[in-house]
Amino acid sequence: MGQKVNDKDYRMDISKTKSSFYRRLYVAWLIDSGVASSVPALTEVTGMPRRTAQDTILALADLDILCEFEQQEGARNHAGHYRIHGWGAIDKAWIERNLASIKQVLGYP
Numbered sequence: 070m071g072q073k074v075n076d077k078d079y080r081m082d083i084s085k086t087k088s089s090f091y092r093r094l095y096v097a098w099l100i101d102s103g104v105a106s107s108v109p110a111l112t113e114v115t116g117m118p119r120r121t122a123q124d125t126i127l128a129l130a131d132l133d134i135l136c137e138f139e140q141q142e143g144a145r146n147h148a149g150h151y152r153i154h155g156w157g158a159i160d161k162a163w164i165e166r167n168l169a170s171i172k173q174v175l176g177y178p
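All residue numbers in the sequence shown are consecutive under the numbering used here, ending with 178.
Don't take every hint at face value.
Here are the computed distance ranges between Cβ atoms for each label pair [stated by the list, open to error]: (1) 140 x 82: 18 to 24 Å; (2) 103 x 147: 17 to 23 Å; (3) 82 x 141: 40 to 46 Å; (4) 165 x 89: 16 to 22 Å; (5) 173 x 142: 35 to 41 Å; (6) 139 x 85: 28 to 34 Å; (7) 131 x 177: 39 to 45 Å.
BS3-like, lysine-lysine: derived pairs with alpha carbons at most 30 Å apart [to be verified]: (8) 85 x 161; (9) 161 x 172; (10) 85 x 172; (11) 172 x 87; (12) 161 x 87.
Please keep in mind that the hints were generated in silico from the structure rather than gathered at the bench. Think of the CB as a built atom: it goes at the ideal place given N, C-alpha and C, for glycine as much as any other residue.
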């Protein structure tokens, strides 16, 4: 009989490469879906530190995901939101189909 592995043990077995890739996919999906399109919203939804959210947004370009900050008209500096303008070779539908397992791997709610 197989031994039940808890989520924490499972996440420990995931490579840093895979977790980094999944984190980028999840952040891009959150931005594109409108669930979280700013750094404060990303930290609230995922619980990730602010710096991790910022670094992950910057790293989207490594996957050819085109993400740009759109300044809010007439607002002070840094008021606005991120928008995905292109997914490159990434299949957004795959992310949506696998969202539950992506969140489980990352340990996000």
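We went through each hint and held it up to the structure:
1. 140 x 82: 18 to 24 Å: Distance hint for residue 140, residue 82 is violated at roughly 42 Å.
2. 103 x 147: 17 to 23 Å: holds (19 Å)
3. 82 x 141: 40 to 46 Å: holds (42 Å)
4. 165 x 89: 16 to 22 Å: holds (20 Å)
5. 173 x 142: 35 to 41 Å: holds (39 Å)
6. 139 x 85: 28 to 34 Å: holds (31 Å)
7. 131 x 177: 39 to 45 Å: violated (21 Å)
8. 85 x 161: Holds. Residue 85 to residue 161 sits at ~22 Å (cutoff 30 Å).
9. 161 x 172: Judged against 30 Å, a Cα distance of about 15 Å means the pair holds.
10. 85 x 172: This hinted pair holds, its Cα atoms lying about 15 Å apart.
11. 172 x 87: holds (12 Å)
12. 161 x 87: holds (17 Å)
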